[in-house]
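A.B. asks: So you can see what is in the structure, the chains are spelled out below.
There are 6 protein chains.
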Amino acid sequence: DFMHALQNDVKSAFGSSKEQLEELLANGIISWGEPVKRVLEDGDLAVAQTKSSDKTPLVTMLLEGTPGAGKTALAAKITKLADFPFTKLCSPGNMIGFHESAKCQAIKKIFDDAYKSPLSCIILDDVERLLDYVPIGPRFSNLVLQALLVLLKKRPPAGRKLLIIATTSRKDVLLEMEMLSVFNTVVHVSSISTSDQLISVLDNTEVFTKHEVEYIQKKSHGKRVFVGIKKLLVLIEMARQMDEKGRANKFVELLEDEGVIEM
Amino acid sequence: DFMHALQNDVKSAFGSSKEQLEELLANGIISWGEPVKRVLEDGDLAVAQTKSSDKTPLVTMLLEGTPGAGKTALAAKITKLADFPFTKLCSPGNMIGFHESAKCQAIKKIFDDAYKSPLSCIILDDVERLLDYVPIGPRFSNLVLQALLVLLKKRPPAGRKLLIIATTSRKDVLLEMEMLSVFNTVVHVSSISTSDQLISVLDNTEVFTKHEVEYIQKKSHGKRVFVGIKKLLVLIEMARQMDEKGRANKFVELLEDEGVIEM
Amino acid sequence: DFMHALQNDVKSAFGSSKEQLEELLANGIISWGEPVKRVLEDGDLAVAQTKSSDKTPLVTMLLEGTPGAGKTALAAKITKLADFPFTKLCSPGNMIGFHESAKCQAIKKIFDDAYKSPLSCIILDDVERLLDYVPIGPRFSNLVLQALLVLLKKRPPAGRKLLIIATTSRKDVLLEMEMLSVFNTVVHVSSISTSDQLISVLDNTEVFTKHEVEYIQKKSHGKRVFVGIKKLLVLIEMARQMDEKGRANKFVELLEDEGVIEM
Amino acid sequence: DFMHALQNDVKSAFGSSKEQLEELLANGIISWGEPVKRVLEDGDLAVAQTKSSDKTPLVTMLLEGTPGAGKTALAAKITKLADFPFTKLCSPGNMIGFHESAKCQAIKKIFDDAYKSPLSCIILDDVERLLDYVPIGPRFSNLVLQALLVLLKKRPPAGRKLLIIATTSRKDVLLEMEMLSVFNTVVHVSSISTSDQLISVLDNTEVFTKHEVEYIQKKSHGKRVFVGIKKLLVLIEMARQMDEKGRANKFVELLEDEGVIEM
Amino acid sequence: DFMHALQNDVKSAFGSSKEQLEELLANGIISWGEPVKRVLEDGDLAVAQTKSSDKTPLVTMLLEGTPGAGKTALAAKITKLADFPFTKLCSPGNMIGFHESAKCQAIKKIFDDAYKSPLSCIILDDVERLLDYVPIGPRFSNLVLQALLVLLKKRPPAGRKLLIIATTSRKDVLLEMEMLSVFNTVVHVSSISTSDQLISVLDNTEVFTKHEVEYIQKKSHGKRVFVGIKKLLVLIEMARQMDEKGRANKFVELLEDEGVIEM
Amino acid sequence: DFMHALQNDVKSAFGSSKEQLEELLANGIISWGEPVKRVLEDGDLAVAQTKSSDKTPLVTMLLEGTPGAGKTALAAKITKLADFPFTKLCSPGNMIGFHESAKCQAIKKIFDDAYKSPLSCIILDDVERLLDYVPIGPRFSNLVLQALLVLLKKRPPAGRKLLIIATTSRKDVLLEMEMLSVFNTVVHVSSISTSDQLISVLDNTEVFTKHEVEYIQKKSHGKRVFVGIKKLLVLIEMARQMDEKGRANKFVELLEDEGVIEM
Ligand SMILES: Nc1ncnc2c1ncn2[C@@H]1O[C@H](COP(=O)(O)OP(=O)(O)OP(=O)(O)O)[C@@H](O)[C@H]1O
Ligand SMILES: Nc1ncnc2c1ncn2[C@@H]1O[C@H](COP(=O)(O)OP(=O)(O)OP(=O)(O)O)[C@@H](O)[C@H]1O
Ligand SMILES: Nc1ncnc2c1ncn2[C@@H]1O[C@H](COP(=O)(O)OP(=O)(O)OP(=O)(O)O)[C@@H](O)[C@H]1O
Ligand SMILES: Nc1ncnc2c1ncn2[C@@H]1O[C@H](COP(=O)(O)OP(=O)(O)OP(=O)(O)O)[C@@H](O)[C@H]1O
Ligand SMILES: Nc1ncnc2c1ncn2[C@@H]1O[C@H](COP(=O)(O)OP(=O)(O)OP(=O)(O)O)[C@@H](O)[C@H]1O
Ligand SMILES: Nc1ncnc2c1ncn2[C@@H]1O[C@H](COP(=O)(O)OP(=O)(O)OP(=O)(O)O)[C@@H](O)[C@H]1O
Ligand SMILES: [Mg+2]
Ligand SMILES: [Mg+2]
Ligand SMILES: [Mg+2]
Ligand SMILES: [Mg+2]
Ligand SMILES: [Mg+2]
Ligand SMILES: [Mg+2]
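Residue numbers (our numbering), protein chains in the order written: chain E, 9 to 271; chain U, 9 to 271; chain G, 9 to 271; chain Y, 9 to 271; chain R, 9 to 271; chain L, 9 to 271.
None of these hints come from the bench; they were simulated from the model.
Be aware that a few hints might be false.
Note that identical chains are pooled: a pair holds if it fits in a single copy or bridges any two copies.
Unchecked claim - Using 25 Å as the maximum straight-line C-alpha spacing, the simulated DSS-like pairs for lysine-lysine come out as follows: (1) Lys231 / Lys26; (2) Lys218 / Lys63; (3) Lys253 / Lys59; (4) Lys258 / Lys59; (5) Lys85 / Lys238; (6) Lys227 / Lys124; (7) Lys162 / Lys239.
These figures come from a predicted structure and were not determined experimentally.
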């Protein structure tokens, strides 16, 4: 009954997995450059292999990149495009305050459900959070780690196929835990790192006028740029609320203050 | 039923959140200088962004400063001014003796309630205390830490907006725990650090006569000053009980003894 | 029911708080010198401030000194003189074998009771023992530590006033735990450190004849003296049982053997 | 009833032990060279000794090698060929999320069942996973370790014979735990390490045409080769989905990218 | 009921405390020299002080010495001679396999019972074992340690007097734990360290003839001797079973082999 | 009822203690040299002393030696020869998966039963396994350690006599744990270390013909030999299954491969 309550809790938390996927994609995927395209292609390949090969009924892919690089949204996008009959988001946000035991049970439940469908996709979001990892110590849940290490290797029952897409911003930690080598593919999710990519996002969000964009382009041209798409969208949102007069200039200053472009 | 009892316990502890906010502000906010003004402005901006933007329904702000700098009172002030339909104080004082599990449940409950209101504000007061942090070890509750790391990133359900204001005097520890980077804004709460700011507080409290204030001003002028508003108010309160004769002088001595102004 | 049994256990252990205060003062307070006077004065000030100021309804004082310096007895004396409507001794002796959870509950209960009275005084005796501190490790109860850190800062409900007097012989440990800075005042309880102070105690206990005291005075004069009042009283008690012949001399030898006066 | 539920859980997880053996062998055993032959021979010897000798009713064998070298499949093959009346797979995949206590019970149950049959074989798959081993710390379940150390030495009841085949990719760890010396035989499972062995696998899988194989042979000839059979089969499977034009070349590139053959 | 069962268990284990005292003294106390006399005298003094002084109703004494020096037997002897109305042996042998909680309860029960009698004596035997101390780590029960630290300082209720005699062979460990300074007196229990003391024991046990004793005396004379009385008695018992012919010589050889006397 | 079930479990595991003794001796004791004789004599002495002396009703003996030296079989042999009314094997094999609490209870039960018989013998087999010892850490059960430390010193009730024979291959660890000094005697169990001893075993097992033995003797003569009897018997058993042609030679090679005789 505890497990029962637990499962209901998980299910009803924020609606179904489909709805959760949609929410993760609420701000859309902006095609700001080659790196985005490549991740989506790698995702397509993994989806295709899962569907077609009988000899590799389990395909596992890890999306890794700095915080806010867009890992979760890209995992959601790939999963949505795959459109498998069974799709599940295994996310720390659905397991807040769970002890490692409850976490394991919740994770296992997701996999057990997936094993019942002929073709399934599971997103293991924010693996370091699923593991309750903290660098002081370091500490983490070994129970969850061992469960994941086994689940990432475990062949689904005969006739079942499963794609696992995991995300992390601590590739180094996963390496140390000997989890990295268990994945079939490890894909890097890049941050925005050129002025052109930055401008491409600005064009897309339609907050600034053409003139403003040109001004920002001139100001950022040839400078070092480094920012995750997630943070950039927050900064643009702040600009949206600024007075239009001098907004482009203030935005450039903001980008400099926040270390997005070099001063 | 344990959880039920627990929640009642929390609720009934010291009255409602509104009342608790009032108590935190019982001694008022004294405008002793620019730093105070700036923190309140930053708070206003965060409040505004929470209200207006649909793309950033979750806004998170950390007030950090030395012990007694006035962090909690300022968080309460900002929250009071925001006047959101749902306001909640998540404070260690309401969770004394709680094991980490009960703490997590209590915190989660506050967030779950907030997610039900269209516009909410949560004060996470004294984060290092919520985490049961102690520098020997160091030790802390990883269960609470992981819960906070997830809650500070978790998008509220569609149509809900949430402002989180946290306070801490251990910014360094939060950095080590990789919690600092999760906040949208980190705002520094200054201590009183000039003679003028000190005098401004004295003027405001109306314990000393004009003459006395002038005397203290002369004595402290040009000297290094450093004290949190909280401690300064206690010292002034002690002065209030002193004999009026020679009080100004004794007060200056007290400030020197306590290391508030250099000798 | 466990908590219920627990509380009865605590109450009935050794009688009421009043009786316990009396027992702590069974051997009286001897005025052996300035240091004793000063501690009592500091206590009076704290008592006065608790009573009179509305802005500082919580006053906290720490008595620290070497083992046996008389900290507990002095805390009891101050509390007795204050004669507040609610007085409670929070002592490790009432919590033997309690796990940290039970300890926390017992401590919390004392504070909750205090919060119901308009004017209360709580003695937190032997803080390092309340914390189950041991230097090997070091180990201590973080649950109790966190509870104390919060309780020492928590403003009583509107209209309530609370004085907390804590004692410790491990000021260094409390510093490391960041507890020291939470107290409003830290008062040092001195050991007996001069021949005159020693003689003052002897005069007072009336075990030795005038002649004997003079003999001891001559023998100890100009020598380094160091002993807590608690141990000194035990040694005097041993002398009381000695044969009167040569007693003064034997007592001096005893003091030397025990390292009370330099040989 | 918990234990009961547990056992049902284990049994029903993925079908019977026989079926599980079959699944482990779903991709067959390719005879790519001498090393494969030798492991199977060593297995046969152990099987023979278990059957015939009365003085050594317990025979224990460890298969060790790098991840993906084919340890589990070879253990399954040996066991299948032995065709003992009782065969059981003791695998981490059947114990996901089990606490060490439950794990111990599940393992003990398998041995207790084996002790009831005159001639039994148990596969202890992935010993480091059974032990919940992680190099950070390191951490592992001492309860499971101690159980295994005892079970690997415990003489079956009179008239019973038992063969234990264990697999591990962390021989070094087992040595440190003083488990290595408990095994009667330790057998190394080699990875593919010559161009000829690689070609032998390609011939066998029938994905590439004769021409393609010859091309790959020419390209890999004389170069250093190192890959486990498990990964090699995944890469071949990826090739199967490539466009036939230029496939051989792309495959060689893939092998180089993945570090299978030196560039 | 668990506690109830526990207490019965303790009581019925090996009979009453009186009987247990007798058993500890089954082999008697041999007066082999000055050191033995002095320990008994110190014991008498402590007994007298407990009885007579009203100001020191709690007297605590620690007997410390190497393993087998005779600490437990001497504590039993002193207690027996004191002949107090309440006498209790607090011994690890009555608490085998107890978790620290149960141990604490059992210890507390003994003290609570003692507090009910006007004049009591408690033997805390083998303190390091009561604490579950092991040098690897080191590890020990902090719960029991804290309980003892408090109980060794806690004044009995008005009108009650209590003598505590503790034994240990790890004085160094008790020092590190800050327990040593809590005792009123620390008394050293010596091992046998001269040929004369050795002979005195032999005379007393009446295993050897006069001639044999003289032979052993000649052989050991002037050599370094070091052995606890406990071990010496075992060795003498082994001699008792030897053939009388050449026994004295064989015994000397045994003493040399065992390192009792230098070769 | 848990304890009840537990005890039944222990009893019924592999039959009675007598039967278990027999099983430990299933392969017999081969008199391969002086060392074997000496251990058995030391055992006889301990048995005799237990029976005859009233002053030493508890006799404790430790058999220590490298893994497979024959410690357990020799302890069983001594016990069998003693033929005491109560005999019990306290072995890790009967406590698989037990938590330390259950282990302690099981051990205590064995001693409690022994205390009821006038003359008892307990074998504490594989002490490091009873302690759940692992060198990584190191880790071990302190609860079991403390229980053993106390039980090895605890005098049986009046009129009862007890012989404890313990075995270990980690004498160094027992020393560190301060357990070694608690034993009355520590006896070394040697491995086979000369060619003659080796040949003596071969003669005894009757696997090889006279000629073969001579051949092996010639080959091993003058070389360093080192092997425990347990492993040697396994190797001989392997030889028994070899083709008779060239068997002697192959056996010598096997001994060399396994490091039994130097190459
Ligand atoms: N090309 C893009 N790739 C990824 N996300 C994009 C892209 N364009 C827009 N976005 C938006 O940017 C945000 C990326 O946030 P997301 O949570 O996916 O990042 P993350 O790397 O998972 O962050 P974290 O490290 O905090 O988990 C989402 O709101 C997403 O809709
Ligand atoms: N300008 C001001 N800013 C903040 N607090 C002020 C100001 N003026 C007066 N106060 C009063 O000063 C006190 C500040 O105490 P507060 O508890 O907020 O400090 P804090 O930094 O949270 O302390 P701590 O580090 O102990 O948590 C409050 O009583 C508040 O009413
Ligand atoms: N001037 C004095 N100050 C304090 N105690 C005094 C004084 N004169 C006599 N005493 C007596 O001395 C004893 C002091 O013991 P007390 O337990 O208070 O010391 P303590 O510092 O708390 O010891 P511990 O460090 O062990 O807790 C009491 O019995 C008290 O009655
Ligand atoms: N000669 C072979 N030896 C072993 N496996 C082979 C061989 N030929 C083909 N295979 C196939 O290769 C795969 C080997 O995978 P297996 O799981 O046995 O490797 P492993 O070493 O146990 O991996 P891990 O280290 O991940 O546990 C199986 O699918 C098996 O059917
Ligand atoms: N003078 C003596 N002092 C102490 N014990 C003596 C003396 N004479 C004979 N004995 C006997 O010697 C033995 C001393 O053993 P005891 O258990 O008291 O030693 P111990 O120091 O407590 O040992 P351990 O360190 O193992 O606890 C007892 O059997 C006691 O009867
Ligand atoms: N002289 C002998 N001494 C001991 N064992 C012998 C002797 N001769 C034959 N044996 C046989 O050798 C084997 C010794 O194994 P045993 O389990 O006693 O060794 P052990 O030292 O306890 O091993 P471990 O270190 O693994 O516990 C038994 O099967 C025993 O019957
Ligand atoms: Mg993410
Ligand atoms: Mg604050
Ligand atoms: Mg005190
Ligand atoms: Mg495997
Ligand atoms: Mg003793
Ligand atoms: Mg053995």
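A.B. asks: Now look at each hint and say whether the structure bears it out.
C.D. replies: Verification of the hints:
Taking the shortest alpha-carbon separations for Lys231 and Lys26, neither the intra-copy value of 41 Å nor the inter-copy value of 49 Å comes in at or below 25 Å. When the C-alpha separation of Lys218 and Lys63 is checked against a cutoff of 25 Å, the pair qualifies only between copies, where the shortest distance is 22 Å, while the shortest distance within a copy is 53 Å. Only between protomers do Lys253 and Lys59 lie at most 25 Å apart by alpha-carbon distance; the minimum there is 22 Å, versus 54 Å within a single protomer. For the identical chains of this complex, Lys258 and Lys59 are inter-copy neighbours only, at 22 Å across copies versus 50 Å inside a copy, given an alpha-carbon limit of 25 Å.
For the identical chains of this complex, Lys85 and Lys238 are intra-copy neighbours only, at 15 Å inside a copy versus 30 Å across copies, given an alpha-carbon limit of 25 Å. Taking the shortest alpha-carbon separations for Lys227 and Lys124, neither the intra-copy value of 55 Å nor the inter-copy value of 43 Å comes in at or below 25 Å. Taking the shortest Cα distances, Lys162 and Lys239 sit within 25 Å of each other only across copies (15 Å), while inside one copy they are farther apart (37 Å).
In this structure, the earlier hints numbered 1 and 6 are contradicted, and the remaining ones agree with it.
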